[in-house]
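Residues per chain are reported as follows:
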Amino acid sequence: MENRLMMFLVIGTEAIFFLSLIFAFVYFAFEPGYDNHTWQLLNIKSTGIFSVLLFASSFTFWRAEKSYKKGEVKRLKRWLFATIGLGTVFLFGQGREYWSLLHEDLTISKNNFGTSFYTLTGFHGLHVFIGLVILAIVLKLAAAGDFDEPDSSVINTVGIYWHFVDVVWLVVFTVVYVLPGVLL
Amino acid sequence: MKELFLYDAFAGIPLCGTEGAADSIWGNWLLMPGVLLLIAGLSGLYLLLSGGKLQKGAGLYFGGLVLLLLVQSSPLHFLAMHYLFSAHMVGHIIILLGCAPLLVLGLPEQVGPDTQNILAAVSKVLSQRPWLGWLCGIGVMWFWHVTAVFDAAFPAALATGVNLLPLLLTFSLLLAGALFAWPILGPLPAYRINPLLGVLYLFTACVGCSLLGLLITFAPLGIYHHYLSADAYGFDGLIRKGWGITAAVDQQMAGLIMWVPCCFVYLSGSLYLLHNWLTAKDGQPLWKESGLNLEGDRI
Amino acid sequence: MGKLHIPEPEEALPGVELEDNQGLLQWISSVDHKQIGIMYLWMALFFMLLGGLGALLMRVQLAVPRNDLLSPEIYNQVFTMHGTTMIFLVATPAILGFSVYLSPLMIGANDMAFPRLNAFSFWIALCGGFLLYFSFLAGGAPDAGWFNYAPLNQRPYSPSPGIDYYCIGLLLAGSGTVATAVNLIVTVLKLRVPSMSLRELPVFVWMVLINSFLILAAFPSLNAALAMLLLDRQLQAHFFDIAGGGSSLLWQHLFWLFGHPEVYILILPAFGILSEVFQVFSRKPIFGYAFIVGSGMAIALLAFGVWIHHMFATGLGITVNGFFSASSLLIGIPTGVKIFSWLGTMWGGSLRFTTAMLFATAFLVEFTIGGLSGVSFAIVPIDWQLTDTYYVVAHLHYVFVGGSLFGLLAGLFYWFPKMSGKIIPEKQGKWFFWLFVIGFNMTFLIQHALGVLGMPRRVYTYPDLPNYTWMNMLSTAGAFIMGFSVLYLGFIIYKSIKSGKKAPDDPWNAYTLEWLTTSPPQLQNFKEVPPVKSFRPLRDLKQDNPNWQLQDDPWKID
Amino acid sequence: MILVLTHINTIFLSLSIFQPASSQADHIATLTNYFIVAAAFILLVVTGLLIYVILRFKAKPGDAEPRQVRRNKKVEAVMIGVPFLMVAGFFIYTINVMQEVHPPAGNQVPDVIVTGHQWWWEASYPGTGAVTANEIHLPVHKKVLLQFSSSDVIHDWWVPELGPKMDMMPGRKTHLWLTINEPGVYEGACSEFCGEQHAWMRIRVVAQRQDEYERWLQQKSQPAQEPQHPLALKGEAIFNLATCGNCHTIRGTAAQGQSGPDLTHFASRTEMLAGMMPTTEDNLRDWLTDPQQVKPGAHMPRFIFEQDSINALVAYISGLK
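Chains as they are written, first to last, in the working numbering: chain U, 45 to 228; chain H, -16 to 282; chain E, 38 to 595; chain L, 805 to 1125.
Hints may contain errors.
To be verified - Below, computed lysine-lysine pairings styled on BS3-like, alpha-carbon distance capped at 25 Å:
| no. | chain 1 | residue 1 | chain 2 | residue 2 |
| --- | --- | --- | --- | --- |
| 1 | E | Lys570 | L | Lys877 |
| 2 | L | Lys862 | H | Lys224 |
| 3 | E | Lys227 | U | Lys113 |
| 4 | E | Lys570 | E | Lys459 |
| 5 | H | Lys224 | L | Lys946 |
| 6 | L | Lys864 | E | Lys467 |
| 7 | L | Lys862 | E | Lys467 |
| 8 | E | Lys464 | E | Lys579 |
| 9 | E | Lys538 | E | Lys464 |
| 10 | E | Lys467 | E | Lys538 |
| 11 | L | Lys864 | E | Lys464 |
| 12 | L | Lys977 | H | Lys224 |
| 13 | E | Lys579 | L | Lys864 |
| 14 | L | Lys862 | E | Lys579 |
| 15 | E | Lys464 | L | Lys862 |
These are computed hints drawn from the structure, not numbers from a lab.
One chain only, chain U, in its complex shape (with noise of 0.2 Å):
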């Protein structure tokens, strides 16, 4: 319970991080410097398909956890692993993004609107990157044998971090690729 509690308590403080990060970009929306132009660069499709595989990771980590109570520590580590899997290739696809952006000569110091854009994605990616490793332990961890009783709290605690990323990806991605096509 304490792991839980705890993981609770920084995914709050978290969410107000992330919470300020959108401020700024909104913020920034809002002034003449944002650039509506550099907007249209972005590839809504191709990054709202890497966006369902980031959802589609939730849905396998809540399958994972599953099979960790019901003591399936073989289904566990593949699920995990597929969770692995989805994740990586997110991170993949905001790679590509980013390789795209910055062949349109989209920087970080073009204009507020790449400044707030990578900031944004930028902080996602990389907890997505830290959910990855601390998975990828998780993986070890049940590889080693660690996660043969179904009585830890670990994976439970790194769910609600996993299912936290999603969700701010989620506020993310309806922030920054489809609200202003909504409302510009």
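Here the structure of chain U is known, so what remains is to put chains H, E and L in place on it, guided by the hints.
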């Protein structure tokens, strides 16, 4: 003057002179059948629940309805519909955080067994999943202030036809407000959420509300088109110049009303919960353990 | 009377060998909350000497008009470091030190919920502090003030790497603080003796709990702002760079969204300490437990709704100012409630003026002055006149020193016997008290007048205008008395630890559980804890046991 | 005791915000006075109670445990009620004064546009061509509108006797209303930390009767006087040769730079370097010899001039009246 009546679901019945034609803003009282129907329906609901008798707390319930009637038919509503975003916001807040909690608080205590079961079921769902009520309360607030939805809620955006949106708006605010208040003020004390969880519930609601308020306060003028449109009844000069409420000030005030006073309502609620909890006598049951219990088994 | 098993630290910490007598190594490798708490306090004292040295340098520079002892370049670094040090490296660690040391003891636990995280938080905060000071060697300390306004914090206006160190140092220290807050919340909510409900938490622990939530909610926006600033300075991003389309107001919003709650973060635990001190030395329970807790909660919640009052002079318009004037005025009410609650605690009591109680009593006056001058900033037109002048300097020192520090000093004298097992002679404590109070008021009371007179803050010198010189000179003289008194405090602490009289376990006939164990407590705080029936569990225990003997008659009433 | 109090009182009355010289400052001073009375009352109540409590309840040897009172609802109600009423009163008053002092500017053309620079003030008078620095002339008995902005970091306008301060934000415009009561010279200073020389960014407001003000404005709208003396003529040549005109403007000549103060009527200002020193030939000479020595951090670069050239420049610039 017919088109003026379109601003609610049904034609309005002016109380003092023709709507919008009164010499002073304060003369624009208007009874609208849509709202009257809603109030009648809610009164009927009370009688249905209570078995036709007025029980303890009926004053709160009907007080809520009278407040609703006042908000919807007074010049505040007139201003809200035609001139002031801030008046519109005051109306929202009163319905969401005034009328709706009053209705919930005033629900009859003695109800028939069937009704009892329904109330218990609703209470159980809401107290086990407090985020549901939270999401309703905050979600509806955000939803109606998405610029496109907001502008659509006014008849000005529609060329013809009867616009059901304003009535829907009122009703949805009332319902969301009730669902929001339920886990805290609900009729079955056994199903109210843990007061400390309640503090968190209200504080996060305040954050949600503040963010929207902040957004509206600092957003550039003109993202909500409705109040920038033409002066329909000739009060523009009085309001903009006489009262000094320019369009920019109006939008700021609207945002700030949602941000600051609205938060004080939530915060006062938090403190009320906390105070009751701290001063309660031992052994007095205040709440039942709910499904979501952040503090675990140890309080 | 059922006794309960309390887990030993070893059980909570599989695989960690804890041994005594390993000297310094034992401290460095320690995960014991008491040692970490004490290290926090040493850290605070160490940086207080550094920050105080800065303050004295400034006061010397300002003693006479048109002084050129310090160049403006150096002066700006000194005052920036003074503020940053005192807020982040003195007040915060001191508060965390007391929280970490006392919370487990007061709730009958043997350690924090996550002892290793606890150690990590301390060391990362200390590293942050050292990194910040390393900037002096790396080409210049930060020089844009502790609130580091944009765009002055940008490269073109502050090319030295100082502000980069400011960002990284504060990010580290801030992460440590947040981690400690998480740890404290979990500890208080999960590790209490099972019979202690939240309604029986000692007031101090309540304040720590509320404060930890405040930290969790406030620090992320600072961290976000620092990250943005670092990106601006290192990768040429445009958050706060006006020419590139950035905004200087964005920094102010994010900074004060953190900064205003931070003021309360620094004062709430002090309120908790004072509540304990007032109770014990008045021999009465706190007047209005619900009120004192509730007003703490009210302050914490309101703290997030008032930050705009730091921006009244930025031209946001009278509508915005008006609303935030209201919310800022309102936050004065719970603060006032607390003052009267403490007076109510003293009323009808049997007051014993130990050094701790003297600090608590003096606090009531000093903090009322600081609180009232604070209210004047909620009144927008007065703020328009007086913000960013020496009146603010006076106000914030009455709040931080007359409020937080007086509370912390009361706590230091109150818990010193418990922490060290030694006694500070009351006579020496009282000498320190009077020196400090006189020095403090002499330094800062007159600064109210300087501000009203027209002296802006953060100036490295000033022209010889009527009354400026003697007022500044008086302030400088006071600062030296204060500086001397702090050295004297260091001396009496050192002397008491070295050769002080051994302290009994419960020297003050106190009310809370930390006095149930030995002075200083063993590694394992408690073997067993009696059932808790109220927020004064130790008093209940004494009442229930008529044969309870105080080891030693603590009261020397003079 | 009374003597000390009277002395303190005289000092306070001589203090700037209690010597309001504009109607805006008047409003604020009245509000401040009410606040001081209320604050003094509260402080008196707290200290009074405290002293009483200390005297009355100090422990005596052999005291029994006092009665364990936990709360008192009436006291609690007073504790919240009285401050609430006071706060409410001040809030209403605050709103009133704010509306009096700082109404929105609307689209009105400002009388003066003041721009903050590191570390000096530029003041231009729209519609007249007059531009000056650090010494800002304003008419009395007229409600003037000042518009503020900044060319670099945040600065802040504050002249205590004239009332409210206002930030100057880069990239934004702020404003201030002033109705000055009496002619006179009012001292102020930049009130937002703005970098190395924040201390020497002082303002002088010279308030003049309407006719004098207009005469001043008329005179300052003129281009610079042609130098007569041969040394001054030489100075003008050096001024142009040394690219001083890249940063400074001297109206009527080729010098049209924008980043330094306008020097067209430099010598008519009584102080130089934003209040740092009086405008004298000696000070000017020191400044031109090594600016960093005089005002470290200032953005004026050091030119290596011969002593003769400096004398010529001083002759030229100090002739610009």
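Right, here's what the structure says about each hint:
Distance hint between E:Lys570 and L:Lys877 is fulfilled; the C-alpha atoms sit about 23 Å from each other, no more than 25 Å. For the suggested pair L:Lys862 and H:Lys224, the alpha carbons sit about 63 Å apart, so the restraint of at most 25 Å is broken. About 24 Å separates the Cα atoms of E:Lys227 and U:Lys113, which keeps this hinted pair within 25 Å; it holds. For the hint linking E:Lys570 to E:Lys459, the alpha-carbon distance of about 30 Å lies beyond 25 Å, and the restraint is violated.
Restraint check: the Cα-Cα separation between H:Lys224 and L:Lys946 comes to about 22 Å, which is no more than 25 Å; the hinted pair holds. Annotation: proposed proximity of L:Lys864 to E:Lys467 holds, straight-line Cα distance about 19 Å (limit 25 Å). Taking the CA atoms of L:Lys862 and E:Lys467, the gap is near 17 Å; set against the 25 Å cutoff, the hint holds. Between E:Lys464 and E:Lys579 the alpha-carbon distance is near 29 Å, which puts this suggested pair outside the 25 Å criterion.
The hinted pair formed by E:Lys538 and E:Lys464 meets the criterion: a straight-line CA distance of about 14 Å does not exceed 25 Å. For the suggested pair E:Lys467 and E:Lys538, the alpha carbons sit about 17 Å apart, so the restraint of at most 25 Å is met. The hinted pair formed by L:Lys864 and E:Lys464 meets the criterion: a straight-line CA distance of about 19 Å does not exceed 25 Å. A hinted pair counts as satisfied when its Cα atoms are at most 25 Å apart, and L:Lys977 with H:Lys224 qualifies at roughly 23 Å.
Taking the CA atoms of E:Lys579 and L:Lys864, the gap is near 22 Å; set against the 25 Å cutoff, the hint holds. Of the supplied pair hints, the one linking L:Lys862 and E:Lys579 holds, its CA atoms being roughly 23 Å apart against a limit of 25 Å. At roughly 18 Å between alpha-carbon atoms, E:Lys464 and L:Lys862 fall within 25 Å of each other, so this suggested pair holds.
In this structure, the hints that do not hold are numbers 2, 4 and 8, in rising order.
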